[in-house]
Structures are given as structure tokens and as C-alpha cells.
Amino acid sequence: MRRSLPATLVVVVGLILLADFVIVNRSLAAVAGTLLEYLVLLAAAAAIAGGLALAMRHVGDLRHARGDRPGSLLLLAGMAVMLVGGFFPGSGGADGPLVRWLVGALLAPLVAALFALLFFFLLAAARRGLRLRSRETTVMLLAAAVALILLLPLGGVAGRWLAAVAGWTLDVPIGAVFRGLLIGVAIATAVAAARILLAIDGTVEE
Amino acid sequence: MPNIGDLIGRVVGVLGEVLGSSSLRLGIGPTLAIAGILLILLSLVARPTSRWLTRDLGRLSAVGRSMALAAESGASVAFSLGTAGIVRSVPAAARLQTLAALPILAHVARAAARSGVPMEVTTNDPVAAMLAESTVLEAHRGTETLERASRSRIAYIGEGRATAAAHALASEPRPGAAFVIGGLGEEGLLLLDGFARDARSTSFGTAAASQATSVLLEGEGTLIGPQLYQAPSDLGRAGHDRIAVFAGNRLAWISLAVLLVGSALVAVGGADLASFLVGH
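Just so you know, the protein sequences line up as chains A and B, in that order. Residues 1 to 206 in the working numbering are what the first sequence lists, from first letter to last. Residues 1 to 280 in the working numbering are what the second sequence lists, from first letter to last.
Chain B on its own, in the form it takes in the complex:
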């Protein structure tokens, strides 16, 4: 009967064999660089919430008010997950934008569920549609409003970027809030215009650098470039945390201003502001 020592010995032997028959694809230098970058990323993800630049990205803090207005007027809310999708034939960086949009969809869906506003989520990717359905259902479950879930609709509108743009332009105007968050391509302007038409409030966002101008021109609230990934982190912060960061930012600006003014005064031979402030 093999003892534990034998077992460990065999496991170590197998590992040694695997390591012995393997080689580094990129060489030692690039592999260490990748490992180093991963370590830096790990330190970043350990504190995934932005600390020093928090502000109302994409006007997402106004979502509750938008929902209240939509509920009063009996309007609905339209949400598009962009045109990159999850399993579509696009670069991985574009697919990640769809995943980054899901927490924002969850935030909007919770607000819509609380206010009793029906949502229409559209996407051109079936897997993204499935994830959106789960997200909206989870929002209703979390807010204990499952009876309202049937009023919301998640629609797969067919394959292609042009399809999404054409669908947005041909759909009936939505007087409520409109959101387009996710990967966009050359159809971006058409899609955004279709969603912005007659909407009372709009929040658009994409990390696609080529579509930044489309988002800036069409949206009231905008998420440009890295902000798309930063916004979900900011959504998770409690109110007092955000206030503390706002106050910290202002203090940092005031300190910088005092330093600059003090330096300028000393340079022109005026009063020594530093001595005055410390009571000398």
C-alpha cells in the first residue's frame, strides 16, 4: 500500500516531468515582464474602486431621477449593450466592453425595477442577450419586484452592426431615458442618434477610441475610453465614500493653488505665504 510520501513523490515526479517537457514560448525576459504586469494588475484589482478621481461618470448618479420622471410620464427605458457582443467575431477588447456594461445595466435595471419602469434591452449577440436577461431578472429579484419583471423585454435583434443601427433608427421614439453602453464601431453615430431621439435623458459610453466623438456629440452623460471600466467601480461606492473623495479632491486642488500662489509671491519678493500660514 503506497504511503503519503510515495504519493507526494509521484505528484512531484509528474510535475517535474511536465516542467521538463515544457519550454517558455516567449523566453525568460518577456515571460517575467508578463508576470510582472500581472502582479501590478493584481495589486490594482485588490482595490478596484477608483479613489482619487471619482465624479459622476456618465451621469449615472442621476439614473434614479430619470426613472422617477419616466415613471411619472409612463415612459420606458431603452438600453443597448453596444454592437460588440460576447461571442461575435470582434477583438477581445471589444467584447470586454460588453462585459463592463453589464454592471451598469444592473444599476439601471435596479432603479427601473424600483420605479416600476419597463426596460427594453437590445443587443445583436445571443449570449449578451442571455446575460442581460439574467441581469434584469436579478435586479427584480434583488429589489423584490419580480411581479414587474414581465414588463421588461430583452431583445436579440439579429446579427451585424448595421442591423443594430437600422433597428435603432427605425424603432419608435422613446420618451424615457436611453442608454448605449458597450463596444461601438462605424455604426456608432447612427445607433446613438436612434437612441437619443426624443429621449429625455441619455447616457452613452464606449471604450472605442474611434467613436469617442460620436458619444461626445450625442450623449448628455458620457463614458469615454477608460471611464467605461471605471464607472462600474464608482457605482459601488457608498455616498459618504464619494463625498470624502470629492472633499479630498478639492483639498488637493486648494493645496496646489496655495503652493503656486505662495511660490509666485516669494518669487516676486512679496509676502512669504508659508510663514504666514504656519504662524511665523
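Just chain A, same shape as in the assembly:
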């Protein structure tokens, strides 16, 4: 019974949304719309619950002197500053000037700085890949080097020839591999979705 109730809910909701996708009917559209509103509500409630859980966990870490205490303190201070900025009377919530400044002047540069590390981590990953499976990684890195050479911004006959070869490489061999991967993923995704819709869940018994 505990397993059948969620499974029934999933099947019923899934079939209603699927039917609404292919059939134009006012009543069906109203039911599907209500269900989607519930989904948005669920997501909002989950976000609040998640935030509370995160705050409680770090408060617990501070109280019991465990984990990264300065990190916990920083996280709680950040949450408090953002909440004050959003809830301050007349601030306009997420569009408030303090919130926008915090996002634009603090969060965005931090995220940009983090992603700027990608190049260095790519080099470290290549080294790690060579250690794990040298043959495959060598082929991958050689292919990447060839692609880089082909995409060099050169002029003249050599430049045009390189550009033509680069275009052919991207459209034919690389394009074929990418399309094959995407088609495989799409089929597997559809099968996984159908399994969830039909309540054939992935729980594995051993």
C-alpha cells in the first residue's frame, strides 16, 4: 500500500499531463494547469524547507563545534544579509537594490571566478586521464589538438583550407558522434520516463 499510492499518483498525473499534450479539451487543460500549479507550489515549499534545513545544519555545526565553523558562520551571515536585503520594508523583494547589488557585485563575480578555474582544472584532468587510461586519453587530446590547429585564425590559402577542413570535421565525424550520443540519450530518456510513468521503478532487489 505504501508503494502503490505514490505509484498510482505518478501514473494518474503523468497520464493526465500526457493526454493534455495531445488532446485539446478545456476541462482537461484546467486539470493539467492545476497540477502544474501544484508542482510550482511544491518546488517553492521544497526550496523553503531546503533553506531551513541548510540553516539548521550549520547552526547545529556551530553549536556542537563540528565541521568547518568559519564556513558555517559565513554561510549563515550570507543568508541573513540576503534575507534582510529582500525583506527590508520597501526593498521590493528579489528586485530590491541591496539584493541586486549583492547578486551583481558579489555572487556573479564569485561564480565567474570559480568558472575561470575551468582551464586549469582541464589541464589537471588531462593529466589524471592520462594516468587512468592513457591510450584513450591520448587519442582524445590529439583530437583536441587537431581541432585547435584547424580553428587557428589564419589567412590566405592555408587559412581557407584549414577552415574548410575544420568545418568538415565539425559537421561530419564530430557531428555524427554527437548526434549518435544525443539520439541514444533521447531513446534511453524516453524509456526511463515511460518506466517511471508506468511505475516500473528502478529499485533493484539483490
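Quick caveat, the hints were computed from the structure, so don't treat them as lab data. Virtual Cβ for every residue (Gly too), placed ideally from N, Cα, C. Careful, some of the hints might be misleading.
Where chain A lies over chain B, by a calculated footprint (3+ residues, C-beta under 8 Å) [as the list claims (entries may be wrong)]:
1) 68-81
2) 190-200
3) 213-223
Using C-beta positions, here's what the derived DEER-type ranges look like [unchecked claim]:
4) A:L62 x B:E133: 30 to 40 Å
5) A:L122 x B:A170: 39 to 49 Å
6) A:G51 x B:L137: 18 to 28 Å
7) A:A144 x B:L19: 25 to 35 Å
8) A:A164 x B:S134: 49 to 59 Å
9) A:V11 x B:G27: 34 to 44 Å
Fit chain B to the given chain A structure using the hints.
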């Protein structure tokens, strides 16, 4: 008092009214195509286990050994459900990857529970965290090790892909096994590197085509593209089933080789291998 005939008549009338006031959104052709695809999918899900391509996807069959090593050294196991989540604002295909990762989490959690290895599951989605908590608890219940459940921790680390990557990079190194299975984005390489650092064994997987290279470079065991969805099916197979498929695969390759060699021999005017094999 209305009889059953009247009741059925009314139900049929209501159904007819609903059908009469409805129309097909996509027209008859596309609707039939969608119905046909659904039928094909149904035939596929009727046998959800891969039959002819089974192998040790993502080195998941080595999970038991990894747990034994982790238990010996007193290490923990780290598991990330990727960064797509369940209710985050991402495409549905990315969310499905999180759902596909749950059976793999269950497999790892059972092995960890049996070996007494604490798990730390991290996710940036509160609903995924809730599902992970249920999965780990169910694993302890299934292995009758509920007393060890409190040692494992499921952590919601906050919203955003960058948060997950930063958390992985800033966390203390984990000498045990590390798993990152689920949807990944541009932060993939950072997240994987954070988890791979000092881990004795790693299994990474995603169906995001753009992150396939990150997984291939960072992980010992890899699940690329459709393999993420195939792996949970393979986990459910009993040992003798897997051995039968391995043997079947080898027989298929041997048969192909015999056909090719025989054809080549006949083409160059050599011995007729087919006649020799059938005793003529």
C-alpha cells in the same frame, strides 16, 4: 430507481460528450506517431534489462570491493546526485538523470550499509535530498543495519550549480570511494575533480553529452550518455544471467569472426571453412 443499463448509458454519454468537445492538438498523423512511439516504448519497458550489451558499466560491480577497502581504512564514501535535481529549473531530461541515479545510489548504499561504511550524499535540490534520504534509509532497512544509518549523512548544500562545484572543491579530501551520478552542466569538471581528489576509487556518470569528456577524463568507472539509464537495469541481473550474456556476446563475436575468415578464404580460393566445419 436507475438500473445498470441507465448508468452505463449515462457514463457512455458523458464520455461521448467529452470526446465530442475535444480535438487533437497535433492532428491525426503526429498523434498516431506519438501513440506508436509509446507502444514501442512499452515493448521496451516490458523487458527493461539490457540483454546483449551487458558489461561492468561504471565499474559498479566493484562497489562491494571498494566498500570493503573503505571499511578497512575507516574511510567514508561520497555520493553526489549531480546538479540537475528534481524540482530545479532545468530541462526535464536533466531531471530524469537524477531519478536514474537513485537506483545506483541504492546499490552503493546497500554495499556501504553491509560494510559499515558511512556515506555522505550531497545534492543541490531539496526534493532530491529527501529521496536520497529515503533511499539510504531503505538500504539500511533492507540489509538490517538500521543501527548504522545515523552515521550516514544526506546534505542539501544550497541552490545553484556553482555552489555544488565550490562545495566539492572546498570539502576535505575523501580517501574512500567517490560517486557522481546524475545531470551535470558547465560546472561538471570542477565537481568531478573535487570528488576525485584523493579518492581510492571513482565512478562518474552523466547523460549530458557536453560533459562526456569531463567524465572520461576524471573517472575510473564511467557512465556516458545512455549508459546512465542502462546501468540500473544491469544492476538487477543475477550473476548467472550476466555470465550467460557475456558468453553469448563472445559466441556472437566468434561466429562473426568465423564467417569473415571463411568468406575471406573462399574469396582467395583457399579452403572452404564452412564445408570443413560441417564435416563435408
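**Request:** Note whether the CB distance of L62 (chain A) and E133 (chain B) lies within 30 to 40 Å or breaks it.
**Result:** At roughly 23 Å between Cβ atoms, E133 (chain B) and L62 (chain A) fall outside 30 to 40 Å, so the hint is violated.
**Message:** 39 to 49 Å was suggested as the range; check whether the CB atoms of L122 (chain A) and A170 (chain B) agree with it.
**Reply:** Taking Cβ atoms as reference, L122 (chain A) and A170 (chain B) lie about 19 Å apart, which means the hint is violated.
**Request:** With 18 to 28 Å as the target window, see if G51 (chain A) and L137 (chain B) comply at their CB atoms.
**Result:** holds (23 Å)
**Asked** Three or more residues of the stretch 68-81 of chain B near chain A by CB distance under 8 Å?
**Response** Answer violated; 0 residues pass the 8 Å Cβ test.
**Item:** Outcome for the supplied range 34 to 44 Å, where the beta carbon pair is V11 (chain A) and G27 (chain B)
**Value:** violated (27 Å)
**Message:** Cut-off 8 Å, C-beta pairs, minimum 3 residues; does the coverage of the stretch 213-223 of chain B by chain A stand?
**Reply:** The restraint on the stretch 213-223 of chain B holds, since 7 of its residues have a Cβ under 8 Å from chain A and three suffice.
**Prompt:** Cβ-Cβ distance between A144 (chain A) and L19 (chain B): within 25 to 35 Å?
**Reply:** violated (57 Å)
**Asked** If you check the beta carbons of A164 (chain A) and S134 (chain B), does the distance land in 49 to 59 Å?
**Response** Taking Cβ atoms as reference, A164 (chain A) and S134 (chain B) lie about 56 Å apart, which means the hint holds.
**Prompt:** Mind checking, does the stretch 190-200 of chain B have 3 or more residues with a CB under 8 Å from chain A?
**Reply:** It holds: at least three residues are needed, and the stretch 190-200 of chain B offers 4 whose Cβ sits within less than 8 Å of chain A.
Checked against the numbered hints given earlier, the structure breaks hints 1, 4, 5, 7, 9 and satisfies all the rest.
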